[in-house]
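A.B. asks: Sequence:
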Amino acid sequence: MSVVKRTSQNVEDDPTRKRRKTGEDENSDPDLDSDAEEEGNSVGIIERIVLKNFMCHGHLDFSFGPNVNFVVGRNGSGKSAVLTALVVGLGGKANITGRGSSMKNFVKNQKSYAEITIKISNQGTDAFKHDLYGNSVTVIRRINQDGQSFYKLKSEKGAVVSTKKEELTHLLDQFNIQVDNPVSILNQDTSRNFLQSKLPTDRYKFFLKATQLQQMTTDYNTIQEQKDITEVTLADRKKSLEELDKDVQEKKQRFQDLTALNALKEKKEELIKMSAWAQVAVIENQLDPIIRNIKKEENRTPKFDQKVEESEVKVNQVEAEYQEIDTSLQEHLQMAEDLKPDLDLAKQERDEEKSGLKSIQNNLKQSRSTLRTLNDEKKELEDEISKLKNTAHQDYEEERHLRVAAIEEKKEERESFSKTLADKEHELSQFTSSVRRDRAQLSQLRQEEEEISRNLRDQNVQLNRLKSSQANHMKIFGDYTPRLLEEINKATRNKLFHRKPKGPIGSHISLVDEKWALAIECCLKSLVYAYICHDYQDEKTLKQIMQRVIPHSYKPVVIVSSFEDDKYSGLMKVCSTEFPCLLDQIKIEDADVFNCLIDQRGIESVILIESGRQARDYMFLSPPQNCKECFTLEGDQIYPGKNQRSYASNQTKARVLKARLEDEVRETMNEIEAIKHSGNVIQEQMREINNRFKQSQGQERSLAVHCKKIQAKISQLSMEINELVSTEEPANVDVSTLEGEVEKYLLEIGALQEEFEIKEKEFKIRHARLEELQQNWKQKADEYGGIVNDIEAKQDDLKKKFTELETAKQHSKHYKDKKTEHLQVLIDLNQKVEAKEKEIEIARGKASQISEERIPTQRKAQNIDSEIHQITRRIEKERQSRGDPEQITREYYDAKNKFFAIVTQMKQCKAFVTALDACLEDRRRTYKQFRKTIVISVQLSFITMMYERGYEGKVTFNHSEGSIDLKVHPHQGQGSAQKDMRGLSGGERSFSTVCFIMALWESMESPFRALDEFDVFMDMVNRKISMDLMLKVAKEQKMRQFIFLTPLDMSKIKANPLVRISRLNDPERNQNALPYEAEEEEN
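For the sequence shown, the residue numbers in the numbering used here are 1 to 1083.
Note that these hints are calculated values from the structure, not bench results. Here the structure is a predicted model, which is why all the values come from computation and not from measurement. It is possible that part of the hints are untrue.
Lysine-lysine pairs mimicking BS3-like chemistry, simulated, CA-CA at most 27 Å apart [as the list claims (entries may be wrong)]:
id, residue 1, residue 2
1, 500, 525
2, 708, 694
3, 832, 860
4, 365, 764
5, 896, 910
6, 358, 340
7, 567, 525
8, 296, 832
9, 165, 93
With these hints in hand, go ahead and build the complete structure from the sequences.
C.D. replies: Next comes the structure, spelled out in C-alpha cells:
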C-alpha cells in the first residue's frame, strides 16, 4: 500500500512556499509561524525514508519535516520499525536496535530481501562532497534473506557514487550522526527501561554513553595499558643491555688483535684486482678472431650479391623467352585449330571421290579380267582346233581306258588324302592357336603372380609397420622415429638446441575429411616425414643426431624456418566455390608447421577435385584465381592452362594420414587376405592352363608329323598322275563345235570391250577430279603438317625452356639460400660480437667493482689465482690459530651496532613514555574539564526545564561512585523537601526523565534526535507540558530535527511549518504496506 497524504504537497517539496497566517489557527504558535520564512535545510537531517519488505512493512514511503516530526500510531502499526530502519539503514548493527540479533530477522516473512532507502540533506557549509552528491545524499541498504547486506550511496540526481560502507562511515562522521548513541536515537526498549529505571548508576552509565565520555575513558585506559607494557619492556631491555655491553668489550679486544693479517689481506686484495682485469683481457683477446671473421665474410658479400643478381637476370631472361615461345605456340595452336575444319573437309571430299573412283577402278579391273579370261579361253579353243586339225591320232582305245582308270583311281586316292590333310591341318591350327594362347596366358599369369608376390611383401611390411605403430604411433613415420624424438628431447634438455625442432610434420596434421588423405599425402610427399629447425645451428645438430640414429642412407628432410609462433595472415587462398582448398581440409595447431607448409608447398593455392576427368576439364578451361595445381582422389597431380601437365600417382592409398590405426590394420589384413586369395586363384589357373598347354603341345607335334606323312603321300600320287597324263594321247574331236564356241567368245568380247572403253573414259575423268582434290588436300595437309611440326618443335622448345627456367630458378634459389646462409653467418658473428662485448662490459663492470682503476698485467689469470690460493691458505692457517678475522670483525661490529641500536631505542622509548605520560595527564585534565562543562550544562538545562513545569529540580553527579541523583520538588516554593525519583508518581518521574534527556541533548551536536514512546507513562498534564517544552526547544534549535514516536492522541497539537504530524493506519491482517497521513496547516 502506498502512503496517503492529506494535502497534495509537502513542506519539504517547496521550502519557499508561504505558510498560512498565524491568526487562522488559535492553537498555532505565533513565534513558530513568524520564523517559518527563515527556515532552511541543514546538513544531516532526514528528508525521507522508504521501506520495502522491512519487518511488518511491505512498502512504506515516509517524508520528514526539517524540524519537529510526530509519528502517531497504535501499537503494532509499525512506528518502531521506522526508527529501527533509520538505525539499520545508516549502518547500525542489529543488536543495538533491540529488535533482533541478526539482519535476516528484519526481512519480512516470505520475502527474499528487505531494502531501506534514506534521503539525507546535504546543504550548507558542512556538506559532504557536495560536488559529487549535490543537495542530498540517498543511502540504500539491501538485506538478503541470508543476512548479507549491501550499500549504495546515490547523488541528488540518482547516480550511484559509492557502494562501500567506508563512504557511509565518512558521511556519518562528517554530519556527526551517532546511530548507536541512545540519546540521539532512543528506541522503544531503551526508552521504556530508562523511564522506569530508578537506579542512579543506570542514569550515570546512560550519561557517559550519551556524551561519549565512556568511549574517551576506554581509549585512555587502553593508552595507559600500553604505556605500562612499554615501561616493563624498557626495564627488561636495561638488564640485557649490561650483558650486551660486556660482550661488546670482549669482541672489541679480539678485533684489536687482528692487525697481523692486514699485510696478507692487502696483498690478496691487490691480486684479486689484478686477476679480475686479467680475466677481462682474456675475454677481450677472444673478440679479435670473431672480428676478423666478420671482415672476411663481409668481403664475400659482394660476390653473393653478384651471383644472386646474375641468377635473377638469367631467370627473367629465360622467363621472357619462355613467354615468347609460349605465345608463339598459342598462335600456332590457334592457326592449326582454324585450319583443321578446311583440312577435314578437303579430306572428306577426296575420300569420297577416291571411294567412287575405286569402285569404277574395280569395275574396270573386273571387265579387264573378264576380257583377258575370254581372250585366253578363245585362244585355247583356237589352239585346240589347230592342234586337232594338225595332229594324227592313233586308236589306242584299250590302253587309254586303262590309263584313264588308273588316273581316276589315283585322283580319288589323292582327293581322300587331301581331305584328310585338310582336316588334320585344321585340327593342327586349332592346337597351335591353343598352344600360343596358353603360352601367352601363362606368361601373363606369371607376371600377375610376380606382381601379387610384390604386393604381398609390401602389404606385410606395411602391416608390420602399422602393428608396431599401434604401440607407438610415431613408428608410422619410420621405425627409427621414436628413438629420434627421444634423442631430440634429450638434446633439448641438454640445451643443444636454440629452439626444439618440430616434426615429423605429418604428426601435426589432422584431416577434416579422410577421403582426401591420399591426395594430401601425394601433394606433401616427403614433407610429411620432414622436420623443422629454428636456425642452421639447430639443423646441424639435428642432422648429427639423424646420422647416429637412422641406420639407412635415406634421412628425412630438415627444413630451416625461423619459429614465429604466429600463423601467417592475409594469405592469397585459391578462389573456388565448387571445390575445396587443401588448406581448408587439414587442421594444424602448430603455427610454425602451418607457416612451413605455406612456404615450402604453397598449400593455400592447391585445390582438391574428386574426378580426374573433371579436374583436367576444370583446370584446362577455367582454372580458379590463385590456383597453381590440383590433386584428385587417386592422387593424380594436374597443372592449369591449355598446355596443362599432369602426373599420375604411383601410390594407391595413404600411408600415414589416417585417423585410426586400427581401421588401417584391419584394412591392410583384408587386403593381404584378398591378395593371397588372388594368388591362389592364379596358381590354380596356371596349373590348369599348364596341363592343357602340355596336352595341346603333344597333340600339335603328333598332328604335325601326321600331316607331313600325308603331304608326302599326296605328292607321290600327284607325280604318278602327272606321269600317266603325260603319256595320254588326245582323242579325235569335232572341230565345228569348237569353232562355234569361238564365235560366241568373239561376240561377248566385243560387247565387253565397248563397255570397258566407256568405263575407262569415265575413270579418266574421275581420276583427274581425284588428282585435283588430292592436290588441294595435299596442299592443306602440307600447310597443316608444317604448323603441326612447328607446334611440336615449339613444344619441344617450350619443354627445354621450361627445364632451363626451372634450372635457372633452382640456381637463383641456391644462390639466394647461400646468401641467406652467408647473411645468417654474419648475423651470428655480429651477435657473438655483441654477446662478447656485453660479456666484456659485464666483466669490466665486475672488475670495476673490485678495482675502479684498471691494472695492466701480462700474467695469466690462472697464475694469479694460484698465488691468491696460496695466500688464502696462509690466511686460513692464521685463522685456525687466531680465529676467522672476518667473522671476528663482523661479530664485533654487529654487537656494537646492536648495542647502540638498543641504547637509541631505549632513549626513544623513554622519551615516548615521558611524552605519552604528559599527554595522557593533559588529556585527563581536559577530560575532567570537559565532563565538568557538560555536567554544568546538563544541570542548568534540567533546572530550567523543571522550572517550566513549576517544579524545582536538581541533578547531582557522583563521579567516584558512578551515579546520578535526580532531586525533584513538585510544588515550587512550598518549602517541602525535595524528593528523589522513587518518591515521585509515574507521570512526574517520566516528565523528569524526559527533561533529563532533553538536558543531555544540549551537550550533543547530532543533526537529529529521535524518541520512541516517551510519553506512555505520563498523565495528560505532564504530557502536555512535555510537548510544549519539546516544541520550545525545537523552536530554539531550528537547525536540528526532532522525531517523536507515540501511540497516544496528538489532536491537541496542530501541524505548522515547523511541526509535522504523521499518522500510521491501524494494523490490518495480511497488509503489505502501512500508510500514514500527514497533518499540515489548513487553508
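A.B. asks: Look at each hint and say if it fits the structure.
C.D. replies: So, going through the hints one by one against the coordinates:
no. : hint         : result
1   : 500 with 525 : 24 Å, holds
2   : 708 with 694 : 21 Å, holds
3   : 832 with 860 : 24 Å, holds
4   : 365 with 764 : 14 Å, holds
5   : 896 with 910 : 21 Å, holds
6   : 358 with 340 : 26 Å, holds
7   : 567 with 525 : 22 Å, holds
8   : 296 with 832 : 15 Å, holds
9   : 165 with 93  : 13 Å, holds
Hint violations for this structure: none, all hints satisfied.
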